[in-house]
Amino acid sequence: FNDLMSVKLFSIGDSSLTIGLLITLIISVTILFLLSEWIRRVLVNRVLKRYRIERGTRQSVGIIVKYILVIAGLFSIMQTNGIDLSAFGILAGALGVGIGFGLQNITNNFISGLIILFEQPIKIGDRIEVGDINGDVIKISARSTTVVTNDNISVIIPNSQFIDSQVINWSHNDRKVRFNFPVGVSYKENPEKVKKILLEVADQNEHILKTPAPDVLFDEFDDSSLNFILRVWTSEYVNKPRVLKSQLYFEIFRRFGEENIEIPFPQRDIHIISGAEKLNN
Amino acid sequence: FNDLMSVKLFSIGDSSLTIGLLITLIISVTILFLLSEWIRRVLVNRVLKRYRIERGTRQSVGIIVKYILVIAGLFSIMQTNGIDLSAFGILAGALGVGIGFGLQNITNNFISGLIILFEQPIKIGDRIEVGDINGDVIKISARSTTVVTNDNISVIIPNSQFIDSQVINWSHNDRKVRFNFPVGVSYKENPEKVKKILLEVADQNEHILKTPAPDVLFDEFDDSSLNFILRVWTSEYVNKPRVLKSQLYFEIFRRFGEENIEIPFPQRDIHIISGAEKLNN
Amino acid sequence: FNDLMSVKLFSIGDSSLTIGLLITLIISVTILFLLSEWIRRVLVNRVLKRYRIERGTRQSVGIIVKYILVIAGLFSIMQTNGIDLSAFGILAGALGVGIGFGLQNITNNFISGLIILFEQPIKIGDRIEVGDINGDVIKISARSTTVVTNDNISVIIPNSQFIDSQVINWSHNDRKVRFNFPVGVSYKENPEKVKKILLEVADQNEHILKTPAPDVLFDEFDDSSLNFILRVWTSEYVNKPRVLKSQLYFEIFRRFGEENIEIPFPQRDIHIISGAEKLNN
Amino acid sequence: FNDLMSVKLFSIGDSSLTIGLLITLIISVTILFLLSEWIRRVLVNRVLKRYRIERGTRQSVGIIVKYILVIAGLFSIMQTNGIDLSAFGILAGALGVGIGFGLQNITNNFISGLIILFEQPIKIGDRIEVGDINGDVIKISARSTTVVTNDNISVIIPNSQFIDSQVINWSHNDRKVRFNFPVGVSYKENPEKVKKILLEVADQNEHILKTPAPDVLFDEFDDSSLNFILRVWTSEYVNKPRVLKSQLYFEIFRRFGEENIEIPFPQRDIHIISGAEKLNN
Amino acid sequence: FNDLMSVKLFSIGDSSLTIGLLITLIISVTILFLLSEWIRRVLVNRVLKRYRIERGTRQSVGIIVKYILVIAGLFSIMQTNGIDLSAFGILAGALGVGIGFGLQNITNNFISGLIILFEQPIKIGDRIEVGDINGDVIKISARSTTVVTNDNISVIIPNSQFIDSQVINWSHNDRKVRFNFPVGVSYKENPEKVKKILLEVADQNEHILKTPAPDVLFDEFDDSSLNFILRVWTSEYVNKPRVLKSQLYFEIFRRFGEENIEIPFPQRDIHIISGAEKLNN
Amino acid sequence: FNDLMSVKLFSIGDSSLTIGLLITLIISVTILFLLSEWIRRVLVNRVLKRYRIERGTRQSVGIIVKYILVIAGLFSIMQTNGIDLSAFGILAGALGVGIGFGLQNITNNFISGLIILFEQPIKIGDRIEVGDINGDVIKISARSTTVVTNDNISVIIPNSQFIDSQVINWSHNDRKVRFNFPVGVSYKENPEKVKKILLEVADQNEHILKTPAPDVLFDEFDDSSLNFILRVWTSEYVNKPRVLKSQLYFEIFRRFGEENIEIPFPQRDIHIISGAEKLNN
Amino acid sequence: FNDLMSVKLFSIGDSSLTIGLLITLIISVTILFLLSEWIRRVLVNRVLKRYRIERGTRQSVGIIVKYILVIAGLFSIMQTNGIDLSAFGILAGALGVGIGFGLQNITNNFISGLIILFEQPIKIGDRIEVGDINGDVIKISARSTTVVTNDNISVIIPNSQFIDSQVINWSHNDRKVRFNFPVGVSYKENPEKVKKILLEVADQNEHILKTPAPDVLFDEFDDSSLNFILRVWTSEYVNKPRVLKSQLYFEIFRRFGEENIEIPFPQRDIHIISGAEKLNN
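Protein chains in written order, with my numbering: chain U, 2 to 282; chain F, 2 to 282; chain L, 2 to 282; chain C, 2 to 282; chain R, 2 to 282; chain V, 2 to 282; chain B, 2 to 282.
The set of hints was computed from the structure by calculation and includes no laboratory data.
The reader is advised that the hints may include incorrect statements.
As the list claims (entries may be wrong) - Each computed DSSO-like pair below joins lysine-lysine, with the alpha-carbon atoms no more than 30 Å apart:
| id | chain 1 | residue 1 | chain 2 | residue 2 |
| --- | --- | --- | --- | --- |
| 1 | L | Lys189 | C | Lys194 |
| 2 | U | Lys211 | U | Lys194 |
| 3 | B | Lys241 | R | Lys196 |
| 4 | L | Lys50 | C | Lys140 |
| 5 | F | Lys197 | L | Lys196 |
| 6 | F | Lys196 | U | Lys197 |
| 7 | R | Lys189 | U | Lys194 |
| 8 | B | Lys140 | R | Lys211 |
| 9 | U | Lys189 | R | Lys197 |
| 10 | C | Lys189 | L | Lys241 |
| 11 | L | Lys196 | F | Lys241 |
| 12 | V | Lys194 | C | Lys241 |
| 13 | R | Lys241 | B | Lys140 |
| 14 | B | Lys197 | R | Lys196 |
| 15 | L | Lys140 | C | Lys211 |
| 16 | B | Lys241 | R | Lys194 |
Quick caveat, the model's predicted, so the values are computed rather than measured.
The following block holds chain U by itself, in its conformation from the complex:
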């Protein structure tokens, strides 16, 4: 039996794998896994429960402790069975490269975090826009940044997004910004009159700056409407342009009603080609 157990399966460098060793290894590893799982459960359900720690945190601690036990255990088992870890050079190298690449995304975020701290393209309290997210920065940690939108939804954004993509920081400039609001009117209206009314509406809104003055552009001959753009400067409503738009639209709609300016429905020119004659016997 001893002979069977000491049959060498193969050997790298000075370590040899015998059948006996293989069996020892399998049993040790199985015990290690069962034991560390049992410790995790006791820790989560008994020990930590007493300290009234939140359930989520408890389980995180439990899993981390288990992982440490397993990894330390595996090394320990290999050590005691005389397996020279340096014999796994190639595999270790491969694992190293793999871990390195796996780390790529994460180190990118950490280093981006450092750059954010030093270069300060964004700071806590800034109003920023990145990708589709528009909100206030409330926390910058090493890996991620938390932004709260106007709707009070907090989004966790990986730091690398602030380094890799275009960022608008509304707090960086002098907070005098121009917004463009589209307005379409019927083809039968006089463009100059429309322009005059839009400018009057903009002038009466107290949240719109007088200098630089508001502006109206004739933008497009559209299918059913002449499209204008009302361009206004504001410093108060930089963070909530939709509220400013709403104010202007309420007023524009009222004035258009008074002045009989029509906002057209989709138009269609009809040519009745055939069948009409049937209508008249």
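Fit chains F, L, C, R, V and B to the given chain U structure using the hints.
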């Protein structure tokens, strides 16, 4: 014959490949594969069946045992035939790099798992939104996280997705969130009256917070309708905004009916250009 | 002539390339290629044909044998002509990196296969959904997994897809799942009555669970219709929701007919602006 | 002059670049390029032309010979001028990495070819579908696979596509497959009657299997039509479902005509809001 | 107890991990983290507050100091406990590769910054267009470039975008640029007359160059209109083509009104096929 | 002064950077750049102009000569100032990796070029389709392949595209190819009659093969039309299917006119819901 | 105090980091940064201003000088404090890999620039099309190429785009190119007559080549029109096909008017299903 068998095909370092060795190798490998496949079958269909282990698990165990046998066997065969594994340095390096890159995705997930445990952007029990998935976290393992949606569908999400992309954790903030519900009315309605009704509906819904107060925005002069947005704050319905919307829409539709506010069909202005004269003989 | 033949073109390390050697190499390699192609043909068309092996398998064996002969032959030729392979260190390294990267995709699949076996996010017999594919797992091999859809189409999916992307395993949860079926009705209908009818239909279907109870949401003021969503829980029809939808739709259509609830065609409001006066002489 | 010629520009390791050497190099390289281009032309237009080799092949051979001459020549020139190649260690390493990465795509294809041969997800003669291509495999070479579609167009597909993406092999399963054909009818038809007719049509088609039986699903309340899906099982028409669909559609259209089942045009409900009064004087 | 403490878990090179050492490490690290967090808070809330430094900057400084303390502390702890850092060769290498790849994006930006400084494809004060952003460069730093749009929104763009993608620098050329403005007219108009009017409008605008002369192209037979393109050269309005377009459109609309040129609504030819006969008793 | 000049800024290995050396370097490099730019201009505008070489080629030669001078000069300057290049090991390695990766794309193309020459998926003179490009191969060089479309536009395609993506080589198969041409007819037509006419048209076209015979599929119940597909085999028109389609469409339109088969306009069913009563006094 | 200062925090190789050294380092680095920033300002605002150098260039020079000072200073500080740079081997390696990857994009462009110079797929003065850009090459530098479009907009394109993607060089072929112009006519027109008119128009245009002759294809039975394609060959208008199209369209529209060929509006067949009876009391 012996001469033929000992013809050296080529040699790297100290190992030489003779024809005899080649034949030995091919036969050994064939036997190894057949044997390990036979063991797998016996294990799955006879041995493990007795212990009433589930079929899927049984087959997993079978395949793992087979793989271990094949890999150990291959090393063993090469050892006994005197093939020095270190002679395959270059190939091993290549394999190493290949395995390393193959591991990239997987280590990324494991390390992301560790970061999730330490940084806790998500915890078990949290309500989260990542990509298209919106649900409750029920399990965080080393490689993946399981999320259950409102429809009780459990989705297995690789951990790296929580590190690489934007994550909304509804349990992170103070659970007072604003939702935007669109409502369009006919061009002939009075915007102020519409606003008043929408705010009344919002006020009467008990799941909507009084502070911050609901809000109505005039959002767009659309083709056939004036588009408003009802913005309401809630803390109860953060997890199921569609139910809140449903409640509001039932009530808005009832009130609009009472107040004769029209939700318009698509409108069209028709200009009959030609053919009309045919209609009148 | 001998002089010409022994002109050294260049030498790396101890190997030199003479003109004579170059010619020898070219001739040997040509013979090697012709010979191995001839062996492949004999093997495929004569030898293997006798054993009634399927044509596709026969050709695979033929090509593999040919490749082995060519590679072994190339090494052998270089050996006999005294070309020290280690002299090609740089090229070998480059090839190594190239092969390593080429292996990337494949090792990723194999390691993903191992993780599938150990972590068991999917098992043989499970009902899964990954990307666009929805079906039963019938085979998990080292590199790929075979899934059979309801239409009995078997799709071979690389294992890495199960590790890199979101996977829904319908067999993982307690198989009580909610499905959403849209229903739109005319604007002139009473939403409460529609809700009542839809719930009655759901109640009468025996494959729909009583608890949790079915539910109707008012989802949208659409262009021509009020859109509702019927949300039902089922455990039987988890694998074929379209059949459940079909049953409900047959019944909803029948009930709507009885109750005179209209499912509207696209609506349009017409304003005849000009041309109408021509109609009346 | 000799002094000028032997001015050392710089030296790496033991090799020095003198002005004389630089001029020698430039002249040698120029001659080498001209000479090998001349040999290529003679070879393509004179020598190979006699053997009636196809023009495309001739030019390929010509270019390959030229490349071999240029590369061997460059090494030879450097050797004779005493430039120690090992002095370019760094550059060679860089080139090595570059070539390695350049090889990435190609080795991926070759190794994928090997995996195709061993794992046999596809074999010569199989009917397969990968990406947008649906056809019969007619050739599997080391780098690519040739597939012929029903339209007799042969597409050369890199082998890696069969390893990286989802593959459907129609020859793998038992060739009993279900196809889904959509049919829409008018809202005024009786769904049960439509179902009955569709099933009758399916029953009468001899290429459709009796078991499993055909099936009709009520799929959608569409804008202008009730949409049904006829689901039929077939083993004969697995390779050409469009022909089966054509047969069924011819028959369905005939039966619908007999039974007065209407396939609707797009419907529209019109509300004449204004302008109508002008029509009546 | 000492024995227990000195049980070696495993050893790499000369360092051994004993249980005692493990406990020491865990306690030291915990203290280190708590201490550095406490220092950060004191620094941010007490020390820096006195110097009236902005809150965002204060917190950045606080976090940086904390990070330095933690990293220095970790090294220091390992040193004092006799852990030879060089023993973590493989892990360090892996981390190195990971950090290297993480740096990839960032070094790319820094080196792109250097290239921008030397090659000067863009300079401070230039008017540039890259991707969707069109504005004036106001700052070029090592990592990013800040561009201010016409709407006074400052966008922070990573430098690599200017090296990797196509850049238009309006300040590079002689600032004589042609813009294309589309105009559609009714099918019943004379194309030559339309061309004449458009050219007259362009001639009368003083901001449009006389040489090269404006130009009108007949571009498309569209569904309802003949589409022309007015092509004008300008040097003044290079930065704000929409303002120039607005001027031209105001004038074109006025002239078209005077000349009775129609800009058509969408046209439709109607064939009444059936139902018309019902209209006539 | 000498002391100031010999202040060592720092030293790596044996080389030290003194202030004097730094100044020497800056002056040398400036002169080198000015000189080589001056040589380039003389070469392009004076020397090469005499030989009537094309302007583009002249400038390419000029830039290449300038680059060689600059690089050789830089090495030379460093040599003479005693800067040991090997001291820049790390930087050189980094540059090496950078260059290697930069080479990636290019070596990929060159090696793809070699594979094209050996495997011959495309040859000069072949008709090929790759991506959106459909044309004749007129030149295969080491890096790229030139294809001329039917419109005589020559497109330069990187060789790697032929290796990485699916390629259709029309010259590879027996040039008997099937094309699909769609034809839609009115719902009131008899499908069998339509099929008959289409087949007659196909039979009368002499460029369409008799065997395999043409074929008509009933493809779709479309909104306004029954859609058929005419499938014809041809060997003559493989390169210009649009010309064949044009011939068939001319004839189909003529035959449909003779046989009174209608190709329908978009259809619409109108339900006048309200407003109609206003039409009647 | 000295003792405190000389507490070793940790040591790698022979260098130790003491507290005193740390403080020295922090102070030195701070001074270095302040000093170099001050020098930059003086240089930009005082020294260079006198030489009337453009503001953008001045600032570039200022930033470059600052960077050189900072980097040289950092090395110098470390040298004087006895920090052996070689001790940062691992970090340097990581930085090296990072810089290498960062260089990837840039070296790719430079090497692509070299290939452009040697292979000359594009030359200065050529008319080229790459991606969306169509224009004349006016400058080829080492990293990028500048192209001027017909609208006189100069676009800076990274050189790698010319190597990685398909390039059309209009100057490469014999400048006889075919363009396709679409024309749609009413269903009631005779296709042969339309073809005749289109060919006459093409024949009368003097910029269109007689050989190869123009050509008309019947391309599509569209919803409302028969679509033809006029294919003409030209050598003059290769660079501005839109101008040629404009000429032809002016003429085609005139001829169609004369010959009463109709270009149709969108057509619609109307079936009045219900409501019509209400029209007739």
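Consistency of the hints with the structure:
1. For the proposed pair L:Lys189 and C:Lys194, the alpha carbon gap of about 29 Å is at most 30 Å, so the pair holds.
2. With a CA separation close to 20 Å, the supplied pair U:Lys211 and U:Lys194 stays within the 30 Å bound.
3. With a CA separation close to 19 Å, the supplied pair B:Lys241 and R:Lys196 stays within the 30 Å bound.
4. For the given pair, L:Lys50 sits about 19 Å from C:Lys140 by alpha-carbon distance, which is consistent with the 30 Å threshold.
5. Of the supplied pair hints, the one linking F:Lys197 and L:Lys196 holds, its CA atoms being roughly 27 Å apart against a limit of 30 Å.
6. With a C-alpha separation of about 27 Å, the suggested pairing of F:Lys196 with U:Lys197 holds against the 30 Å cut-off.
7. Under the criterion of a C-alpha separation no larger than 30 Å, the hint pairing R:Lys189 with U:Lys194 is consistent with the structure, at around 29 Å.
8. For the given pair, B:Lys140 sits about 28 Å from R:Lys211 by alpha-carbon distance, which is consistent with the 30 Å threshold.
9. With a C-alpha separation of about 24 Å, the suggested pair U:Lys189 and R:Lys197 falls inside the 30 Å cut-off, and the hint holds.
10. At roughly 28 Å between alpha-carbon atoms, C:Lys189 and L:Lys241 fall within 30 Å of each other, so this suggested pair holds.
11. At most 30 Å may separate the alpha-carbon atoms for a hinted pair to count; L:Lys196 and F:Lys241 meet this at roughly 19 Å.
12. Under the criterion of a C-alpha separation no larger than 30 Å, the hint pairing V:Lys194 with C:Lys241 is consistent with the structure, at around 24 Å.
13. Proximity of R:Lys241 to B:Lys140 is assessed by CA-CA distance (about 27 Å); at most 30 Å being required, the pair is judged to hold.
14. A distance of roughly 27 Å separates the Cα atoms of B:Lys197 and R:Lys196; the hinted pair therefore holds under the 30 Å criterion.
15. Restraint check for L:Lys140 and C:Lys211: the C-alpha separation of about 28 Å stays at or below 30 Å, so the hint holds.
16. About 24 Å separates the Cα atoms of B:Lys241 and R:Lys194, which keeps this hinted pair within 30 Å; it holds.
Every hint, counting from the list given before, is met by this structure.
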